[in-house]
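Residue numbers (the numbering used here), protein chains in the order written: chain U, 3 to 544; chain L, 976 to 1079.
Treat the hints with caution; some may be incorrect.
[Stated by the list, open to error] Covered by chain L, according to a simulated footprint, are these stretches of chain U (three or more residues, beta-carbon under 8 Å):
id, segment
1, 109-117
2, 265-272
[What the hints assert, rightly or not] As a list, the in silico EDC-like pairs of lysine to aspartate or glutamate whose alpha-carbon atoms are at most 20 Å apart:
id, chain 1, residue 1, chain 2, residue 2
3, U, Lys345, L, Glu1002
4, U, Lys130, U, Glu115
5, U, Lys299, L, Glu1002
6, U, Lys64, U, Glu115
7, U, Lys391, L, Glu1000
8, U, Lys299, L, Glu1000
9, L, Lys1072, U, Asp85
10, L, Lys1026, U, Glu106
11, L, Lys1026, U, Glu480
[What the hints assert, rightly or not] One side only, chain U facing chain L, incomplete, derived with CB under 10 Å:
id, residue
12, Leu133
13, Asp134
14, Ala190
Simulated from the structure, these hints should not be mistaken for lab results.
In this text, all values refer to a predicted model and were calculated from it rather than measured experimentally.
Beta carbons: idealized from backbone N, C-alpha and C, even for Gly.
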Amino acid sequence: MRRIKMRTFVFAFLCAATYLFIACCTVIAAEQPDMQQILKKLDEVIQRNNDLAKQNEELAKKVQRLEKQVTGGAAVPQKIKSDDEISILKERVKTLEQQGPAKENAEVASLKEDVGEMSAILQNVERKTLLDRVQMGVELRTRCDWFSLRERVKTKSLFGKTSYHHNSDKVQALCSNRFRLNMKAEIADNLVFNGRMVVYKNWTDDPYEDPQNDANRARYPGSSDVKLERAYVDYFFTPHPLLPLALSFGRFPTTDGMPTEFRENTARKSTYPALAYDYETDGAGVSFMLENLTGLKNSALRFLYGRSVSDNDYQIYRHADWYDGHLDEQDVYVAQFETETIKNSLFIINYFYSPEFSQPDVSFKGVNPVKLSSNLGSYSKLTFFFEAKKFLDSNFDWFAGYAQQWARADGKATWGLGPIPLQTIGLITNGESRERNAHAWQIGMRYNIPWETLNLPKVGVEFNTGSKYWLGLNGGAEDPLRKLTTRGNAWDFYYIQPITSHFMIRLGHTYVDQRHSYSPFGTPERLNTQIRNTYLLLDANF
Amino acid sequence: MRRPIVVFAAFLLCAGFLSSARAEEGEQIFTAKCGSCHRSGGEAAVFGPTKYAIVQWERFFKKNKHAKLKDISAQFSETDLQAVRNYLAAHAADSDKPQAVGLR
């Protein structure tokens, strides 16, 4: 019995122990999450402690930095002595952060935004600029001319008695517009293009056939003509450091020859002096810059070649039956030395040579060529020219030029009705073989009036004279009387009134006294003719 | 008639070679002093007056823009800078330029 009791007791104890164990295990298992949270919290506390330590460090650094900014780099106490000091510093950090760097950061951010925006815009602007290969400029001139002519004419009466009488005539207020579109492109560092297109016309002048007229010219489908005055390219290269070169080709700047720019109130606009040549020319040439070699400022030696054909309308090379006489080529060779001597000056020696002067390209109604010659003789001209602006630092600009011409007439051309000759011409002759030497000279000055209130106006006077056989080669000149072709004397007076830097007015008077008739062909006839021109012009350049 | 012409031609020749041209002051300073840094292989880029238009040069000097790139005030007096400024403005990209075949 006792034994059973003992057994029962052990069993009960074991049961209770097992139960307790299971219960404990269950309780422990149930308790497990709480433990994890505790561990986590512990971790967090440690982390926070670390953070606080870091913040402390940073705070100390920030304090140092801000103190530096505030004091401009003066020493900052390193040790923080008390809690009070820490709270004071904290307070200061707060205010400094609010006032200084925070504000600065906002500004920097906004600036950054602006810069980003601007560079996006600039990309477009730059792209547009890069695509704008050609820079354009405009010159617009309106001028009105009042011409008058007076000539003394010799007449012979039926009975052989000579008498003289005077003729006079007037052209009142002939007005014209001249529009120039100037172009320039710096294609590369050493490749430059220059060009100019022009419309030059009298006010509502009407050379067209109805229903087109000048007043609907631009509004009517007609021709595609645009006049091209200049279009040339300069290629600069330096085969030897002492001798930079330029190769040029195209339609050259050979109009408005020097000293035309005095009257025009511009910089030099032509390669040649006007006394040598003032026409448009096509050709090719090479310039040697001599400054490095000679030490003479802006000195250069230029060789230019030009060629003209009179009448290529038939394009004879396209036809089987080539015949003579339609393509009259004329070659022109020019050698020019130029240099600056005294300050703002230009000295030029120009030699012009045309070995075979060709006949004029004329075909009158009812008159036909009877016998033509593609060579009427040779022609050469040597020109010296000098101009100086603000001469010796004064208000005077002046110029002078002299040209000597040698012409050898040799050959003639005849026109007539059917086989009957009516007129024969040669180079400055009526067909004879002759020397036709001549000379011309010019001189002039311009005074820069130092009146600031009147925008520094200028007055100028010019004189030129040419001998009997003088051939000016000035068909492209700016002045309507082509005064440099005069076989006789010519005077010119002008007043320039600048209004703004882009607008000026010129008032001028030209007087030409012709002693001989002028033409490259035919013997000059004695004349006693005076032509005057008074003009007013308005110039806008931009 | 012959003699006056010869005299006139001789006069022209003399006037031409009377004295050799010297560069204007502004240009001299520009080439010598600005050019001491602004040259090929130098400290700064080569440039000419056409780098800017007239108003841009005026602004460059008026606002002393060079100071931000490099302080050059020690090398240049006020009159030096004025002369260079005049030279650069007179030959700026939009100034009235001489034109001829083969002319820069």
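Hints, one by one, checked against the model:
| no. | hint | verdict |
| --- | --- | --- |
| 1 | 109-117 | violated (count 0) |
| 2 | 265-272 | holds (count 5) |
| 3 | Lys345(U) <-> Glu1002(L) | holds (12 Å) |
| 4 | Lys130(U) <-> Glu115(U) | violated (23 Å) |
| 5 | Lys299(U) <-> Glu1002(L) | holds (12 Å) |
| 6 | Lys64(U) <-> Glu115(U) | violated (27 Å) |
| 7 | Lys391(U) <-> Glu1000(L) | holds (16 Å) |
| 8 | Lys299(U) <-> Glu1000(L) | holds (14 Å) |
| 9 | Lys1072(L) <-> Asp85(U) | violated (77 Å) |
| 10 | Lys1026(L) <-> Glu106(U) | violated (36 Å) |
| 11 | Lys1026(L) <-> Glu480(U) | violated (33 Å) |
| 12 | Leu133 | violated (18 Å) |
| 13 | Asp134 | violated (13 Å) |
| 14 | Ala190 | violated (13 Å) |
The structure shown violates the earlier hints numbered 1, 4, 6, 9, 10, 11, 12, 13, 14.
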